[in-house]
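**Q** One-letter residues, chain by chain:
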Amino acid sequence: MKITTEQVEYVALLGRLALTSEEKKKYSAQLDDILKYMDMLAEVPTDDVEPMAGPVKLFTPLREDKVEPSLSVEDALRNAPAVAGSSFRVPKVIE
Amino acid sequence: MALYEYTAGRLAEMLRTKETSSVEITRSVLERIDAVEEKLRCYVTVSPEEAVKMAEEADRRLAAGDGKPLTGIPIAIKDNMCWKGHRTTCASKILHNFHPPYDSTVVRLLKEEGIVILGSANMDEFAMGSSTETSHWGPTRNPWNVEMIPGGSSGGSAAAVAAGEAVVTLGSDTGGSIRLPAAFCGVSGMKPTYGAVSRYGLVAYASSLDQIGPIARDARDIALLLNIICGHDPKDSTSVPRDYPNFSNSLDKPVKGMKIGLPREFFDKLEDPDVNRVMKDARQIYRSLGVSFVDLSLPHLDYALAAYYIIAPSEASSNLARYDGVKYGFRAENFDGMIDMYCRSRAEGFGAEVKRRIMLGTYALSSGYYDAYYLKAAKIRTLITNDFRKAFEECDAILCPTAPSPPFRIGEKMDDPIQMYLTDVFTIPVNMAGLPGMAIPGGFSSDGLPIGIQLVASHFEEARLVQLSSAFQKETDHHLKRPSL
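Protein chains in written order, with our numbering: chain B, 17 to 111; chain A, 25 to 509.
Chain A on its own, in the form it takes in the complex (with noise of 0.2 angstroms):
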């Protein structure tokens, strides 16, 4: 096996017994990247000097017996993360030169904890997409079959760990947009409680709802990253202040005796057959560790998405004026007054699902319209909100699928945007309500594309999500599976 293919935990520990070195873990993964990067597109800028650099600096920290858990790992982080002095575009043309004079604090973290940022990950545009096909750099392709795509917004870091183009790496998740990308490649991946993870110099979307998180290839290196990048942050005003546990003590809890609750409402609408069969397999793992299960409802849950629709583009509409060609970006060569000057630079900056959130949330906050769409979306995702804290009176987590389908092929959903937005139904409620949520690869289509499940478990509950992952990746061997490339 190649340094490239093992797991950031098992890595870790090869370092502390001097079996390896960060410069060479970070050289094999450099070398992936060259031999597979061009087939998949996973990054939108890498930096391999610098990475050396820092793999160099790290293995003097382990010399020096100064090292901490994950000190010398190859890291890639989403490209909406600010990286100071490293261009950070959100994949879009209109930050297409945009270098932060600042790094986000998860950067910052990952810095003191002496990891090694490879570069940033490929993305949808401004991360709106299930797909990673808005970029404005091409899309991602996925590692098991390149015709389709690899899930979305954050595709290029899920790819990047199925291919061993990243140990581990960092996404966000506004509506699905770890969770989905994980499933679809057949990695694991979390997204936090709204407030547990600093969004500080995280280029904003859709703010009460957007939430960095991990990606990685099993629950430990999901702990592993938690313990890193959880905390509160004085510099963002939603960060929670609380004490966060060692995620990776849940590891090897037992899960006997745990109450898993089904909600009906997500398992109606399931049609297609090998989710379904995952879901089935799924139950009898659970099962078999003593697990008990719930059938439950949340009533309110098939207005989500509609009420996501609404919400996410009316902040995505507000957060993204900024973009107006004065302060940074990019600006139009020919315009006609200052008006003009913003309504070209962003024409031509911003791509077309980009405009079409703009417009729609625009829309949805104009006047006359303001109570019928935004302010009947708010009053619903507190209904749906009660909907799970009434379910989690019933039960530890609730099970369900992450996505209604296998990965679909590239270009299949371009043009039909609620079909493209259909793909994140499993995924939405969970942002809306601001919970964690967890996607694990459960098994694998009659096509042997990956299919993943999902977790949810009460607001500041990962600790829990950890813990049934971990059971879950010790009875099967899923996530232990790679595309061969």
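If we strip away everything but chain B, and leave its shape as in the complex, we get (with noise of 0.2 angstroms):
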């Protein structure tokens, strides 16, 4: 098995996803095929390749500095699930 139990609780701690037991014993048979999949691409000589973030050549576009209407703290609410006055509502995050 490239991937145990515990990596698959590690990972999903990391992702924030609450898994239960059925799908964390899914996902890790899975996570295996998967990655066993991946195996093929170590054949591939890569150490004088350069990385690839995407296919466009990136750089830092420059505007002018004109001010624009942005979204109004009442559009910005209208979709959250829990509001208080102009804020969105959370859990106490702080003890």
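In case anyone wonders, no lab produced these hints; they're calculated from the structure. No experiment lies behind these values; they were computed from the predicted model shown. Take the hints with a grain of salt, since some may be wrong.
As the list claims (entries may be wrong) - Here are the computed lysine-lysine pairs in the BS3-like style, where the Cα-Cα straight-line distance is at most 30 angstroms:
id, chain 1, residue 1, chain 2, residue 2
1, A, K437, B, K41
2, B, K73, A, K403
3, B, K40, A, K437
Taking the hints as your guide, dock the two standalone chains into a single complex.
**A** What follows is the structure, given as structure tokens:
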């Protein structure tokens, strides 16, 4: 096995996913299959190859600093599951 | 013939000569939706009243002589394109009630053209899938045989065009999500060059691969839509500032003397007899038009799928971190503290395939595995891109299959992720290199299911794809055939 249940639990926490024990079992097996398939990549020599993040040469586009209307507080909050006044309401973060 | 059966190009002519009105066309399509939608489920949301209002406005514009080429033509957009005030769900429970407070750039462009937006088409959840089965709203069915999948992830967009539930549609393509469903539904679909169409307001899946493109009945309609959506957008920093041609000018250019490349890695693995026959027929047609062929090799093609399924999930795991139940979207009812709220909201809000890709991507990016997986895949991406660059020194375009087989049965590959992923083996390399690719109807399987051929060109050579597909469609009638429903 390339991936253990403990690793699946760790990755699920990093990815902020609460998995059931059934899901943990299923994903361990499936991720294992997928990662085995990925092993073929090791065959390719890549020591002198530059990695590619995307097809477009990125540059920093500059523009004039123009004042334009932005999202109103009302619009920004409209889709929120819980709101308090002009803020997003969340559980207590600091004890 | 009913109005919903015509192409956008033909309807636009009829609007200009006042043979019909946008309201009549829109009502014809809405009636068609009423008649067959229950069977096919192409849409997540249809907004009939608003569509008629947009059609009335289009008719006023046309009467005032203020019409643009596609003013008054009904379109459907994929459910991952933000449309201000209209539910945009990405076919996910986590966005089941999301109403964007702004328009995506493509929606703004459609509105400026005076196009009638019918609603949002079904898709695989967050565009992750090859069959439109992972939608929270249930699968879309293939109009040619409702037991079959329509391809994915833009399955709703492609099936809607095939069934007459929209005249044209927009889809998005990260690893084949426009070309595969277009091929499986017997319609035409193009993924433009990465950077040709703005991604502003497109819900992100894998940002270095995602690209919006048109799905339509023929090359002429594809060109008309490209004319609207291609262009630089300051709101998307990967949008490329350049001049885009009028793509309709390429429709009647002869293809004689052009050189088409046939990469042996695409054909070596081809086992399906129907797909083989269709590819052979396609070569014959191009040969009769005076096109010559050159055998090529893309040596790293075999690694594209594995590299893609590291890169795309890695980007997805980062992009989808925003769904935390705070600013928008679904929040779990019961939780214990902040982290638990995230974990439960995401566990309940995402479907199985999305979770699988978040897990895979998180793993590939996690400490100790980054070099072996993500970095390795990013280097292989360079090699694949170089392979294509060399190939285009020898040819004007590449011809290859869109998918290794005709459409498969609903449920057939749902429990076997690798088999499902292999459906995209011929489309993924094109996204990895950021190239334009187009699928057009090439024929039918012995069971009467559509099979598409794929044309690929060098960066920003969409016009050449329009030229080659238009020439093909003048010689064939596969694109004129419609499913009986």
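**Q** Among the hints numbered above, which are violated by the structure, and what are their numbers in rising order?
**A** none
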